[in-house]
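Chains as they are written, first to last, in numbering that gives the first Met the number 0: chain A, 0 to 281; chain B, 0 to 281.
No wet-lab data here; the hints were simulated from the structure.
Treat the hints with caution; some may be incorrect.
Identical chains share a label here; the pair holds if one copy fits it or two copies do between them.
Claimed, not checked - Derived EDC-like pairs (lysine to aspartate or glutamate); straight-line CA-CA distance at most 20 Å:
#1 K252 x E93
#2 K252 x E69
#3 K252 x D137
#4 K130 x D215
#5 K123 x D16
#6 K123 x E183
#7 K123 x D267
#8 K21 x E211
#9 K21 x D262
#10 K21 x E65
Number of protein chains: 2
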Amino acid sequence: MTAIAAVQLDPAVGDFDGNRRKAATAIAEAFAARASIVVIPELATSGYVFRDRDEARSVSIRPDHEIFAEWARLAAGARDGAGVVVGGFSELGEGDEVHNSAAVVDASGVRAVYRKVHLWDREKEVFTPGKAAPPVVDTPHGRVGVMICFDLEFPEWTRIAGLAGADLLAVPTNWPLVPTPPGERPAEQRIAVAAALVNRMAIVCADRFGRERGVDWTEGTAIISPAGVVIAEAGPGRGAATADLDLAESRDKRLSPRIDLFDDRRPDLYGRLVHPGPARGV
Amino acid sequence: MTAIAAVQLDPAVGDFDGNRRKAATAIAEAFAARASIVVIPELATSGYVFRDRDEARSVSIRPDHEIFAEWARLAAGARDGAGVVVGGFSELGEGDEVHNSAAVVDASGVRAVYRKVHLWDREKEVFTPGKAAPPVVDTPHGRVGVMICFDLEFPEWTRIAGLAGADLLAVPTNWPLVPTPPGERPAEQRIAVAAALVNRMAIVCADRFGRERGVDWTEGTAIISPAGVVIAEAGPGRGAATADLDLAESRDKRLSPRIDLFDDRRPDLYGRLVHPGPARGV
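With the rest of the complex left out, here is chain A:
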């Protein structure tokens, strides 16, 4: 069993040093509480509601920034020395580009950086979208895939992570609060539940809290089993969702000797998904 922790944080926009301390404290606490894999929110080091690209750039860093060495030291201090951190940051790219990125860090340092591909709303004015598939990183606990927030709402993207072998999909998020009908989970969780089910893949979403420039957040941090059940939530405010998962369970895509969720796909018939075509029927 692997102990997973998803930490709900309240980064402050533009305050890199303060956010760095908050993240380090939260990561250290999670490893001290015996977690092996710790996920923190999207843009945890920078905050989210930027006025413009310049403001985002002012708190953007490259993957060789010393904060990741700090996360690596914390990961080395995990119970088994094999801690893994997945966290969002604003990345300084080529030229003046800024990316909404997430890093996978273990005791050896940065294992992968992912740049968000599906940008949400005003992010399109701030960030340059990524061009690469979600990475899947082999760890002693299992294979950890990574994507960010709105990416999760494209079943093509979660499927690609599943096909690439992700046992656990780690999803740093900032889910702006929108109305949810009584008795229903937030829409993002309902989408994550199905992504887990159809791919038999565990999913962990680390959301944020703390009003920022008028935006409230869903505070929907959750861990979802490969059977599509929300097995832990952080609840409102600062906190964490924690759960023990057998990530090996994600490897078996069979529902019966004659049913395999991946082998039963019909890629020969899915061409419409990759042809631009008209966006909708006529």
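On the provided structure of chain A, position chain B as indicated by the hints.
Just chain B now, with coordinates in the frame of chain A:
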């Protein structure tokens, strides 16, 4: 608004004439109750738990069978004369092939036949899988897409129906009963909810009841709004889920002026979905 009815029936395996009467009665009742679109289960005319292909063939029909003329007459008797019936049947195909099919019928006759592409478990020993995308049929009420049961669990397939312009996805099903954790909806409904959300498309699933050769059924007949909310269910036993839906709502894929669930897709990056490749990571 369009009145939708999904009828939960108990076809008996091999009893074509009895099943035909049950279906006709249920369709007539739904139109009499002012429905405009009526969906009945998968294999409603044949039953499901066949011993083998020969038994299935014995109750298989072609799309020119008079039962569809009967459904067309019932559709003509709908409140506005523009009734639509979607129902599953065992189809006699070319040679000795048998397909798990669904027909879309209106007053003019059979508008489309769909052959199930993703076969479930022992269906693989009985049926020949389809080779064509889910049809999307233009009706006075909106565009009705069709797929069958397990098809719904492949987000590629529901997306293809969405991209083809389906406002309402009609899904005849036979959901064998499997354990569901307390407090959770059946897995198939959880998957349908997300398919509705990510495609902003209404979904109606007509399930069956009645133990058949030791198999029990989920009795999960449900109507799901484009906002991913289950707005009507049939409950256990014979019954129907009914709801009024504004199918025009499915046409707008925008969540904000800067977010469009279809335009925000990145088909240029989805190639992995159509390349056979290794089924899973290494």
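Original post:
Between K21 and D262, at a C-alpha cutoff of 20 Å, which is it: within one copy, between copies, both, or neither?
Top reply: For K21 and D262, neither the intra-copy (44 Å) nor the inter-copy (36 Å) Cα distance is at most 20 Å.
**OP:** Using 20 Å as the alpha carbon limit, work out where K252 and E69 are close: within a copy, between copies, both or neither.
**Re:** neither (37 Å within a copy, 42 Å between copies)
Original post:
For K252 vs E93, is the C-alpha pair at or below 20 Å within one copy, between two copies, both, or neither?
Top reply: neither (39 Å within a copy, 33 Å between copies)
Subject >> Up to 20 Å CA-CA - D267 versus K123, copy category >> reply: between (33 Å within a copy, 18 Å between copies)
Original post:
Is it within, between, both, or neither for K21 and E65, if the alpha carbons may be no more than 20 Å apart?
Top reply: within (15 Å within a copy, 71 Å between copies)
**OP:** Measure nothing new, just compare the shortest in-copy and cross-copy C-alpha distances for K130 and D215 to 20 Å and report within, between, both or neither.
**Re:** neither (29 Å within a copy, 47 Å between copies)
Original post:
Is it within, between, both, or neither for K123 and D16, if the alpha carbons may be no more than 20 Å apart?
Top reply: neither (26 Å within a copy, 59 Å between copies)
**OP:** Could you place K123 and E183 in one of the four classes (within, between, both, neither) given a Cα distance threshold of 20 Å?
**Re:** neither (29 Å within a copy, 36 Å between copies)
**OP:** Check K252 against D137 for me: Cα-Cα at most 20 Å, and say if that holds within a copy, between copies, both or neither.
**Re:** within (19 Å within a copy, 37 Å between copies)
Subject >> Same-copy or cross-copy closeness of K21 to E211 [CA-CA at most 20 Å] >> reply: Classified as within; 16 Å inside a copy, 58 Å across copies.
In summary, the numbered hints that this structure violates are 1, 2, 4, 5, 6 and 9.
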